[in-house]
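Spelled out from the first residue to the last, the chains are:
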Amino acid sequence: MKLFSWRFIRVWQRNRDVFFRLWHSEAPGFLAEPVIILLAMGLGLGAYVGLIDGQEYITFIAPGIVASYSMFSASFECTYGSFVRMEYQKTYDAIVTTPLNVEDVIAGEIFWGATRSLMTGTIILIVAAVFQLVHSPWALLVPLVSLLAGIMFAAIAIFFTSIVPAIYSFNYFFTLFITPMFFFSGVFFPLDSFPKIIQNLSWIVPLTPVVHLTRALFNGKFEINLLWAVALIIILTLLFFSISLVTMRRRLTA
Amino acid sequence: MIYRNTIEAVFSMAIIRTLNLTKKYKDILAVDRVSLAIEEGECFGLLGPNGSGKTTMVRMITAVSPPTQGDIWIFDNDLKTHSRQLKAVLGVVPQLDNLDPDLTVLQNLITFARYFNISKDEAYKRSMEVLTLFELNNRTNSRIKELSGGMKRRLLIARGLINRPKIIILDEPTIGLDPQAKHLVWHKLTELKYQGITQLMCTQNMEEATILCNRVAVMHLGKILDLDTPQKLISKYVGNKVWEIKVNPDERVAAINSLKRGGVNFEEIGNKIHVFNMEANKSIQDLVNSPDRLVQRPSTLEDVFFRLTGRSLLE
Numbered sequence: 001m002k003l004f005s006w007r008f009i010r011v012w013q014r015n016r017d018v019f020f021r022l023w024h025s026e027a028p029g030f031l032a033e034p035v036i037i038l039l040a041m042g043l044g045l046g047a048y049v050g051l052i053d054g055q056e057y058i059t060f061i062a063p064g065i066v067a068s069y070s071m072f073s074a075s076f077e078c079t080y081g082s083f084v085r086m087e088y089q090k091t092y093d094a095i096v097t098t099p100l101n102v103e104d105v106i107a108g109e110i111f112w113g114a115t116r117s118l119m120t121g122t123i124i125l126i127v128a129a130v131f132q133l134v135h136s137p138w139a140l141l142v143p144l145v146s147l148l149a150g151i152m153f154a155a156i157a158i159f160f161t162s163i164v165p166a167i168y169s170f171n172y173f174f175t176l177f178i179t180p181m182f183f184f185s186g187v188f189f190p191l192d193s194f195p196k197i198i199q200n201l202s203w204i205v206p207l208t209p210v211v212h213l214t215r216a217l218f219n220g221k222f223e224i225n226l227l228w229a230v231a232l233i234i235i236l237t238l239l240f241f242s243i244s245l246v247t248m249r250r251r252l253t254a
Numbered sequence: 255m256i257y258r259n260t261i262e263a264v265f266s267m268a269i270i271r272t273l274n275l276t277k278k279y280k281d282i283l284a285v286d287r288v289s290l291a292i293e294e295g296e297c298f299g300l301l302g303p304n305g306s307g308k309t310t311m312v313r314m315i316t317a318v319s320p321p322t323q324g325d326i327w328i329f330d331n332d333l334k335t336h337s338r339q340l341k342a343v344l345g346v347v348p349q350l351d352n353l354d355p356d357l358t359v360l361q362n363l364i365t366f367a368r369y370f371n372i373s374k375d376e377a378y379k380r381s382m383e384v385l386t387l388f389e390l391n392n393r394t395n396s397r398i399k400e401l402s403g404g405m406k407r408r409l410l411i412a413r414g415l416i417n418r419p420k421i422i423i424l425d426e427p428t429i430g431l432d433p434q435a436k437h438l439v440w441h442k443l444t445e446l447k448y449q450g451i452t453q454l455m456c457t458q459n460m461e462e463a464t465i466l467c468n469r470v471a472v473m474h475l476g477k478i479l480d481l482d483t484p485q486k487l488i489s490k491y492v493g494n495k496v497w498e499i500k501v502n503p504d505e506r507v508a509a510i511n512s513l514k515r516g517g518v519n520f521e522e523i524g525n526k527i528h529v530f531n532m533e534a535n536k537s538i539q540d541l542v543n544s545p546d547r548l549v550q551r552p553s554t555l556e557d558v559f560f561r562l563t564g565r566s567l568l569e
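First to last, the sequence lines map onto chains A and B. Under my numbering, the first residue of the first sequence is numbered 1, with each subsequent residue one higher. Under my numbering, the first residue of the second sequence is numbered 255, with each subsequent residue one higher.
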């Protein structure tokens, strides 16, 4: 495995420039949708749901929405977005003839995907604060969690991108991996409402630790199992980041 | 032949040298022990049919794809260990358009300059320079999809010059262009050669190779069949004139038999037979009994190409 160099920043800058040129075409996805979900579920469903852990339903789901839309941002960016750049626009092919190597390109893509998560997470946090759903100054650390989650989900996504034959394959990724996590990682329902087997499974998938960390920071209440959450995020990030450097190099230099 | 190239590659003062360069894909040998020496300031052409290994050669020399075996030196540096430094002095013009469709013409160049760590002001200055050189300075704010095929190709070449490379590597620089656009590109490439920029190009356009290249290598099935100036290859393989005989299907066998009896070099190409290395008018007319369907014309590199790589499709 080869490591990336500081030159990854050039790819990050390229993606940033394109994003701020075209951001209005992406705004519904990363701005409107999470706010709609938060209000619709929180107020609509919340009217029928009693208090969860002593909280209003909307207060319970707000940190989960921050966490899951951080996941969506990095995952979309580094699957569909990266695949289009790689296969259709041949942007990677152009870049690797300059002093940048494949590893720089992939690191740039991952850190850009993470930046998207950071932006999404921060915006929803602000919306949640405006609706008075944030109850602890520890919430100032939520953007950091969104960023770390972004690096992890971007690395997982780019790994998947490095092995798919066609863009249609991402349906599997979203239907079988991302969407189930959205519902079974404690975003909308406490984990203990599920059968034991799903609870155990839930504690090894990547969204669950992000949801619990974000919720802890929203409430300022910390439990010992958060250490496992931090460890899991670090392990999965290192694992997928390094594997994707290898698989992408194989794909691009054949 | 291979041996001679190997010795040249080891001892010459060439700017690009390859030694026994080999690329294997599963069970296909795409490039087979190619040794080359490209001299500073020359335009070197790689000719060959589809699938002959030209593009694979270029991918290896531009450090995009590592060789299975063999070495590449550029400016006496091993490409394996100095890829970043060497990529910084190469300009690469790909066959397929990989301009950034999300950015304008000018942004494409400035973004590309940033990959080379060129400062913002300098990038702007150089971008305007190359846009002027390629007559695109009135299109700075156009989107890529608004450009014609010829403009895109000019922009690709302009982009390849943004780092002021000492060597530019071009893969089929005029493929798919109309005659005007093609001649404009040729004109610009000739200018670059006079500025002392070494050029390595892959092409299937024989006219292009004849006009632009100082030397050409004819590749086939991953090997170099021969390498020389276009003129020398022509006199060596086909002579200065080629006879074309138009034959009807029913006369074909008889005509071929009589050419074989005469012991001359010929190739069947479509409904014509091309006869090479025959200077005297008389002898060919003796061989074929219908002189009104005989045409004599000057030989071209295309004749060499057919002679060396055969007439059948590879794919």
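It is possible that some hints are incorrect.
What the hints assert, rightly or not - Taking lysine to any residue pairs in the SDA-like style, the calculated list, with each CA pair at most 25 Å apart, reads: (1) 2(A) <-> 385(B); (2) 334(B) <-> 246(A); (3) 442(B) <-> 351(B); (4) 334(B) <-> 93(A); (5) 477(B) <-> 510(B); (6) 90(A) <-> 372(B); (7) 2(A) <-> 339(B); (8) 90(A) <-> 330(B); (9) 221(A) <-> 22(A); (10) 2(A) <-> 360(B); (11) 90(A) <-> 304(B).
Hint data in this document are derived by calculation from the structure and do not stem from the laboratory. Model, not experiment: these values are computed from the prediction.
Violating hint indices (sorted, rising): 1, 5, 8, 9 and 10
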